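Peer 1: For the protein sequence lines, the chains are B and F, in the order given. Just so you know, this note's numbering puts the end of the first sequence at 1170, numbered straight through with nothing missing. Just so you know, this note's numbering puts the end of the second sequence at 219, numbered straight through with nothing missing.
Read the hints as simulated data drawn from the structure, not as lab findings. Fair warning: there could be bad hints in the mix.
[Unchecked claim] Stretches of chain F that chain B covers, calculated by requiring three or more beta carbons in the stretch to come under 8 Å of a beta carbon on chain B:
#1 128-142
#2 145-153
[Stated by the list, open to error] Heads up, incomplete: computed chain B residues facing chain F, CB under 10 Å, no partners named:
#3 L1091
#4 R1121
#5 W1129
#6 T1144
#7 V1146
#8 R1148
#9 G1150
#10 P1153
#11 R1164
#12 G1167
[As the list claims (entries may be wrong)] Quick list of simulated restraints, FRET-style, between CB atoms:
#13 F:A211 / B:E1104: 19 to 27 Å
#14 B:R1148 / F:A56: 19 to 27 Å
#15 F:A191 / B:S1136: 25 to 33 Å
Please read these numbers as outputs of a predicted model, since none were measured by experiment. Even for Gly, the Cβ is constructed at its ideal location relative to N, Cα and C.
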Amino acid sequence: MKFLRMRPGHGEQLIAEGDPAVDADERALVEEFRRQLDAGMWAAVPVRSRTGRREATMVQRFGDIPRDTDRVIFFPRAAGGAS
Amino acid sequence: MIAALIVTAIVAFALMADTTVPAVARRWEGLKARRRAHADGVPAYDPGRERRAEQRARELLRSCVNDEEWEMYRDLGFLRVWGGQAMGPEEGWDLGGAPYAYLVYPHKPIVAYLPQTTQLLNEYCVEFPDDTRPFGSVRLPDSDDVLAKWMALKGDEQRLIASANLHLPGRQVDPRKVARDLWRLRQWERTRMERAARAPREASGQA
């Protein structure tokens, strides 16, 4: 599983990678997941629906990440724009 | 004679000043801002870096959205995302079951509309500012901005809409531009469907 983060001037950056089935990797991924959410990121997982359509699901807990997903994308939390 | 030339020069300078002084002032301010940023340790603006970032962002977008959505963005410069709420984009709405959709532009408000009538509903102004400013800017690459909106609309439409500033149509996105984009979208979809219908016939003709 890869954690990617969108960043200005970069595109996405790989910020963590590991196999959640391995305890040490899972701990590191959980820690990084919390760090990103604490830093104000939103986390999304690209998924496929039953009909094969590409969709996305937002996750707020590490446990919500589908176990078979290969990437989680972090991006800055939405804020109201030009008011 | 000399006096006339001097007067002419002064008049010409005064006329030109209206256009040149603001441009010079803008360049001067830009130069000062770049110097300040450089002094603060922020790397100088690099168009090549921004281009590479956008290229990466486009690849990520392509890998996440459906093929027709990718082609729509590639060809038209925006995405259409269907709304998923039963009654409408916001609480308290009742569109009578009519489907609604959003036009997602890079770094512009999301425009909600009714596809059946092309009536515009609202503009939702939303940004994803990265306060870490790795290169002095909070703005994600264009395609990352579009992907962030797409994922948030698909994954948690209500939360995204609740985070946005709501405006009536036309506040930031010109309704004439939206009308033109909706027309372009219809043409694009028609061409795509015709091509898809032709493909099996051509394949069977070749066989």
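Peer 1: Look at each hint and say if it fits the structure.
Peer 2: Hint by hint, here is what the structure shows:
1. For the segment 128-142 of chain F, the proposed coverage by chain B is satisfied: 6 residues have a C-beta within less than 8 Å of a C-beta in that chain, meeting the threshold of three.
2. Given a C-beta distance limit of less than 8 Å, the hint that chain B covers the segment 145-153 of chain F holds, as 8 residues qualify and 3 suffice.
3. Because the smallest distance between the Cβ of B:L1091 and any Cβ of chain F comes to about 7 Å, under 10 Å, the interface hint for this residue holds.
4. With a cut of 10 Å, the hint placing B:R1121 at the interface with chain F is violated, because the nearest CB-to-CB distance is about 17 Å.
5. Given the 10 Å rule on beta carbons, the hint for B:W1129 holds: about 7 Å separates it from the nearest Cβ of chain F.
6. Below 10 Å, beta-carbon pairs count as interface contacts, and B:T1144 has one with chain F at about 5 Å; its hint therefore holds.
7. At about 8 Å, the closest approach between the beta carbon of B:V1146 and any beta carbon in chain F falls short of 10 Å, and the interface hint on this residue holds.
8. Given the 10 Å rule on beta carbons, the hint for B:R1148 is violated: about 14 Å separates it from the nearest Cβ of chain F.
9. The interface hint given for B:G1150 is violated, since its Cβ lies 16 Å from the closest Cβ of chain F, which is over the 10 Å cut-off.
10. Checking B:P1153 against chain F by beta carbon gives a least distance of about 12 Å; that is not within 10 Å, so the hint is violated.
11. Taken as an interface hint, B:R1164 checks out: its beta carbon lies about 7 Å from the nearest beta carbon of chain F, inside 10 Å.
12. Interface hint status for B:G1167: upheld, as the beta-carbon distance to the closest one in chain F is roughly 4 Å, under 10 Å.
13. Checked against the hint of 19 to 27 Å, the C-beta distance between F:A211 and B:E1104 comes to roughly 40 Å, which is inconsistent with it.
14. For B:R1148 and F:A56, the hinted distance range of 19 to 27 Å is not satisfied, since their beta carbons lie about 40 Å from each other.
15. Range check, F:A191 to B:S1136: about 31 Å between beta-carbon atoms, so the 25 to 33 Å window is met.
In this structure, the hints that do not hold are numbers 4, 8, 9, 10, 13 and 14, in rising order.
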